[in-house]
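A.B. asks: For reference, the chains in residue letters:
Protein chains: 2
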Amino acid sequence: MNGAESLLSTLVNNEIEVCFTNPGTSEMHFVAALDEVDGMRCVLCLFEGVLSGAADGYARMARKPASTLLHLGPGLGNALANLHNAGKGHVPVVNIVGDHASYHLQYNAPLTSDITAIAGAVSDWTHTANSSAEIASDAAEAVRQAGFGSVATLILPADVSWGDNPNGAVAKVAIEPPTAVAEALIEDAVSRLQSGANCMLMIGGREIDKSRGLLINQIAKATGARVCSDVFPTRVARGAGTAVIERLPYLAELAIDHLKDIQQLILIGAAAPVSFFAYPGVPSAIAPDACEQLQLATPDNDIDRLLAEIARRVGAIDIEPEVYPLQLPPAPVGALDVNSAAQALAYYLPEEAVVVDESITAGMAIFPQTMKARAHDWLHLSGGSIGWGLPASVGAAIACPRRKVICLEGDGSAMYTIQALWTMAREDLDVLVIIFNNRKYSVLEMEFARTGARGGSPGVKAASTLGIGSPDMDFVALATGMGVSAERADSAEAFCALLEQAMSERGPRLIDAIVPSLF
Amino acid sequence: MNGAESLLSTLVNNEIEVCFTNPGTSEMHFVAALDEVDGMRCVLCLFEGVLSGAADGYARMARKPASTLLHLGPGLGNALANLHNAGKGHVPVVNIVGDHASYHLQYNAPLTSDITAIAGAVSDWTHTANSSAEIASDAAEAVRQAGFGSVATLILPADVSWGDNPNGAVAKVAIEPPTAVAEALIEDAVSRLQSGANCMLMIGGREIDKSRGLLINQIAKATGARVCSDVFPTRVARGAGTAVIERLPYLAELAIDHLKDIQQLILIGAAAPVSFFAYPGVPSAIAPDACEQLQLATPDNDIDRLLAEIARRVGAIDIEPEVYPLQLPPAPVGALDVNSAAQALAYYLPEEAVVVDESITAGMAIFPQTMKARAHDWLHLSGGSIGWGLPASVGAAIACPRRKVICLEGDGSAMYTIQALWTMAREDLDVLVIIFNNRKYSVLEMEFARTGARGGSPGVKAASTLGIGSPDMDFVALATGMGVSAERADSAEAFCALLEQAMSERGPRLIDAIVPSLF
Numbered sequence: 080m081n082g083a084e085s086l087l088s089t090l091v092n093n094e095i096e097v098c099f100t101n102p103g104t105s106e107m108h109f110v111a112a113l114d115e116v117d118g119m120r121c122v123l124c125l126f127e128g129v130l131s132g133a134a135d136g137y138a139r140m141a142r143k144p145a146s147t148l149l150h151l152g153p154g155l156g157n158a159l160a161n162l163h164n165a166g167k168g169h170v171p172v173v174n175i176v177g178d179h180a181s182y183h184l185q186y187n188a189p190l191t192s193d194i195t196a197i198a199g200a201v202s203d204w205t206h207t208a209n210s211s212a213e214i215a216s217d218a219a220e221a222v223r224q225a226g227f228g229s230v231a232t233l234i235l236p237a238d239v240s241w242g243d244n245p246n247g248a249v250a251k252v253a254i255e256p257p258t259a260v261a262e263a264l265i266e267d268a269v270s271r272l273q274s275g276a277n278c279m280l281m282i283g284g285r286e287i288d289k290s291r292g293l294l295i296n297q298i299a300k301a302t303g304a305r306v307c308s309d310v311f312p313t314r315v316a317r318g319a320g321t322a323v324i325e326r327l328p329y330l331a332e333l334a335i336d337h338l339k340d341i342q343q344l345i346l347i348g349a350a351a352p353v354s355f356f357a358y359p360g361v362p363s364a365i366a367p368d369a370c371e372q373l374q375l376a377t378p379d380n381d382i383d384r385l386l387a388e389i390a391r392r393v394g395a396i397d398i399e400p401e402v403y404p405l406q407l408p409p410a411p412v413g414a415l416d417v418n419s420a421a422q423a424l425a426y427y428l429p430e431e432a433v434v435v436d437e438s439i440t441a442g443m444a445i446f447p448q449t450m451k452a453r454a455h456d457w458l459h460l461s462g463g464s465i466g467w468g469l470p471a472s473v474g475a476a477i478a479c480p481r482r483k484v485i486c487l488e489g490d491g492s493a494m495y496t497i498q499a500l501w502t503m504a505r506e507d508l509d510v511l512v513i514i515f516n517n518r519k520y521s522v523l524e525m526e527f528a529r530t531g532a533r534g535g536s537p538g539v540k541a542a543s544t545l546g547i548g549s550p551d552m553d554f555v556a557l558a559t560g561m562g563v564s565a566e567r568a569d570s571a572e573a574f575c576a577l578l579e580q581a582m583s584e585r586g587p588r589l590i591d592a593i594v595p596s597l598f
Numbered sequence: 080m081n082g083a084e085s086l087l088s089t090l091v092n093n094e095i096e097v098c099f100t101n102p103g104t105s106e107m108h109f110v111a112a113l114d115e116v117d118g119m120r121c122v123l124c125l126f127e128g129v130l131s132g133a134a135d136g137y138a139r140m141a142r143k144p145a146s147t148l149l150h151l152g153p154g155l156g157n158a159l160a161n162l163h164n165a166g167k168g169h170v171p172v173v174n175i176v177g178d179h180a181s182y183h184l185q186y187n188a189p190l191t192s193d194i195t196a197i198a199g200a201v202s203d204w205t206h207t208a209n210s211s212a213e214i215a216s217d218a219a220e221a222v223r224q225a226g227f228g229s230v231a232t233l234i235l236p237a238d239v240s241w242g243d244n245p246n247g248a249v250a251k252v253a254i255e256p257p258t259a260v261a262e263a264l265i266e267d268a269v270s271r272l273q274s275g276a277n278c279m280l281m282i283g284g285r286e287i288d289k290s291r292g293l294l295i296n297q298i299a300k301a302t303g304a305r306v307c308s309d310v311f312p313t314r315v316a317r318g319a320g321t322a323v324i325e326r327l328p329y330l331a332e333l334a335i336d337h338l339k340d341i342q343q344l345i346l347i348g349a350a351a352p353v354s355f356f357a358y359p360g361v362p363s364a365i366a367p368d369a370c371e372q373l374q375l376a377t378p379d380n381d382i383d384r385l386l387a388e389i390a391r392r393v394g395a396i397d398i399e400p401e402v403y404p405l406q407l408p409p410a411p412v413g414a415l416d417v418n419s420a421a422q423a424l425a426y427y428l429p430e431e432a433v434v435v436d437e438s439i440t441a442g443m444a445i446f447p448q449t450m451k452a453r454a455h456d457w458l459h460l461s462g463g464s465i466g467w468g469l470p471a472s473v474g475a476a477i478a479c480p481r482r483k484v485i486c487l488e489g490d491g492s493a494m495y496t497i498q499a500l501w502t503m504a505r506e507d508l509d510v511l512v513i514i515f516n517n518r519k520y521s522v523l524e525m526e527f528a529r530t531g532a533r534g535g536s537p538g539v540k541a542a543s544t545l546g547i548g549s550p551d552m553d554f555v556a557l558a559t560g561m562g563v564s565a566e567r568a569d570s571a572e573a574f575c576a577l578l579e580q581a582m583s584e585r586g587p588r589l590i591d592a593i594v595p596s597l598f
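As you go down the protein sequences, you meet chains A and B in turn. According to the numbering used here, the first sequence is numbered sequentially starting from 80. According to the numbering used here, the second sequence is numbered sequentially starting from 80.
The hints are simulated quantities; they were obtained by calculation from the structure and are not laboratory data. There's no promise every hint is true.
Which copy is meant is left open, so a pair is good if it fits within one copy or across any two.
Derived SDA-like pairs (lysine to any residue); straight-line CA-CA distance at most 25 Å [what the hints assert, rightly or not]:
| id | residue 1 | residue 2 |
| --- | --- | --- |
| 1 | LYS143 | PRO256 |
| 2 | LYS540 | GLU506 |
| 3 | LYS540 | MET119 |
| 4 | LYS289 | PRO595 |
| 5 | LYS451 | ASP551 |
| 6 | LYS540 | GLU255 |
| 7 | LYS540 | GLY118 |
On a predicted model such as this, the values are computed, not experimentally measured, just so you know.
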């Protein structure tokens, strides 16, 4: 077999079953190999930012990596923003980046670039394949590296792809299990929890699933601690039957207030809380100066075992956790705004829905109002780089074909990777996209004020960079232009009718929800 | 004034008058400064790949740089592909990339990334501003560096932006003139040209304007040399009254044949000719082994003076150059395909049009058929990274508001940066976009065969990554969804009627030209 075939076989042997692709000439042997090697689903995306976001969404829901196929440095550049998000969310991805044949690089052809430098900025592991004979073991190592919750990037020169590999593929490699938290740290944590101090357990990492949520809630009840999640946890189980867990506010001012009485902060998969951005006069670190922080677990640790162990030691096993009841609001009537939209979503959200949230300001209202909806998973924008929601929805829908994916999107953020709609149509994915169309970068209006620039009040030119009306985007036209059926809603009743219809059928749909800006 | 204001004033003092922007929170003080400092036109783009391509197109036509405003590492990543194109085309760009406040970086907030590494991969010069007091001189240096035909990237921490700058702005800096070619090289070139060997002058660099074309043609006539341009020259004057100049074919097989008899190849602004990609069994270097090559001038040299000097020495000054006559084909009738479309374009192309060509396979027919059209400028995809044409058209139209910009776009390449249409509508730019909609990555079908993968014949999965029908993109819907009026053409007559209308009115328009694939 040639190098591309042994690479592909190795990926398939390691249960990597989906490749999000946007190939070019240097990847044609890899593309050809898709027909020679069984077991890889190939999903074409029209822009690389779509495929990297799709790989992120897929891995969050499948709990294993997808592969991506990228064309040279510029293709990787286009994928960079969503690889950044995957990296910050500790989400595994295996990137295959084609390069010129190794002997061709010296000629500095137009598409020659420093792929290693670009890859290094968004990968936990980067390697350039040197020979067809070793490409399978390189691929196996990429899979193993991704297994740490990492972005692993393998650069594949075209001649390595087309050259003969007498060694064939590599069988399944061992993925290292998450490491146990050291006994001393566990003892330290238990002693802090039982010290009588105001304690908070802050949980983040790759996932806060239902069982982790229940366990940490039990620990909190047993010890009197509070429980809080990261601002933007990668994946969190929510809704009826899930544990009551606070969420750290996005706004530094509110987050500081949230933590002001905490004396002991115990971090489980989460990083020390910091302000998302810097603002004049606002501290970067959120916790009070006097608060002691313990990094009890990283995202790579065995958090399930850790929580079970702490629960045992603090006597929390038999404590009844506090969970959200199923409590649906009435379907809203009247004006459509983010509050009535939130109410409608809470009402219609189906069991086991996957909510992909890049609704930015609209999400500030929707997240708290859906806590008592039917049980669902919620994916957040972990790295802050927008243009993630539509692509991540593509990946989540491919990972979970029997669950309804609901993508909450801002109009501004939608436009970074709007091409994702085409892949939704092509693959007939069960995604409902809701665009919160307020004709503004609404969050930037808020941020402008928060930075205090020009006394917090934008002038004419500044305002023109914050508003994206004139012309108004028509998302119904954009969606139908890419094969996704779409309708506009400008009242709560219309919005509810479209939600009801979307929940009763499968397949891609878009609602262009015309809402006033929060600011 | 604060750092942002002194930075902006310095740019304006240096005749940088346009800023293509997509800001975020860390750039709010720069955005605020737009209203405090006169003279900067701010053009909002909905995606960073649009603004970097717009900066490229602007600089090619304005012959001076624009600035860009980018949000952190992911924003720069989104801009990377078109910065790659600008860099390969020796096109000047001044990037301002916002970063977190310098003191905030240690906290590793979600949007923290290695901006320097990303910038380094696509910039000739990268610098991180260290203080508000020095930001103006940093900006002046960025402008000076861009003056070498470079991509200059200045990373602007938020605290440098909002901090006070007692030093104010920097006045106009001296841009270094292009360096003269060494006398020894000129003598060498003249001696080769007069040696009786089969000579070719190959010209590339930043621009092949009318006067350079005429001069090099005169030199060729005087010496018996052939004249050829790069495969993808950055900007070239064409049409009636411009010099007859060959163009190196894209296909290595054809390019090798094109150069097979050349004994002396003299490179003026062009690089040694190489295959765009590597293919099994095809050499990377295009010129015959026995051909001697002289790198007479780089793009940074004074090519005007060089050509005048050589013309004088070889006695070419009084030789009548061979120029293209004005010779228009009849308007085509019948089926619409790339040949009839080319004929229609030759017929309707207005005087002084700017043609931005990312039509990929369609362009193979259009370029040769428009040589005898009315005089126009032609911009090529210099770096091979697609998603450039629509953005570059935005920039070209802003640089040349009284010239009609005609963007020739493939359907596949259009979808990488389709958001550019919105900026065309918002700024009411006089751009006619023609989408050659063949429902395929047609060039990749050709490239698949050329690489010899799977015997040159794609299987089912491979074919699915080369075809972008199902669903078919409706570019009329996409354009109207972003405020650009659009119509579909599926016959030569309909295409001609739409061209005629477009040439008689100003403002953005799109024609969705349904054409069969060449392959």
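A.B. asks: With identical chains, the pair LYS540 and GLU506 could be close in the same copy or across copies; at 25 Å between alpha carbons, which is it: within, between, both, or neither?
C.D. replies: Intra 42 Å, inter 14 Å, cutoff 25 Å: inter-copy only.
A.B. asks: With 25 Å as the alpha-carbon cut-off, assign the pair LYS540 and MET119 to within, between, both or neither.
C.D. replies: between (50 Å within a copy, 10 Å between copies)
A.B. asks: Classify it for me, LYS540 with GLU255: is the Cα-Cα distance of at most 25 Å met within a copy, between copies, both or neither?
C.D. replies: neither (53 Å within a copy, 33 Å between copies)
A.B. asks: Between copies, within a copy, both or neither: which fits LYS451 and ASP551 at Cα up to 25 Å?
C.D. replies: This pair counts as neither: shortest intra-copy Cα distance 35 Å, inter-copy 41 Å.
A.B. asks: For LYS540 vs GLY118, is the C-alpha pair at or below 25 Å within one copy, between two copies, both, or neither?
C.D. replies: Close across copies (11 Å), not inside one copy (53 Å); limit 25 Å.
A.B. asks: How would you classify LYS289 and PRO595 at a CA-CA limit of 25 Å: within, between, both, or neither?
C.D. replies: neither (34 Å within a copy, 53 Å between copies)
A.B. asks: Should LYS143 paired with PRO256 be assigned to within, between, both, or neither, using CA atoms and 25 Å as the limit?
C.D. replies: within (13 Å within a copy, 56 Å between copies)
The structure does not agree with the numbered hints 4, 5 and 6 stated previously, though it agrees with the rest.
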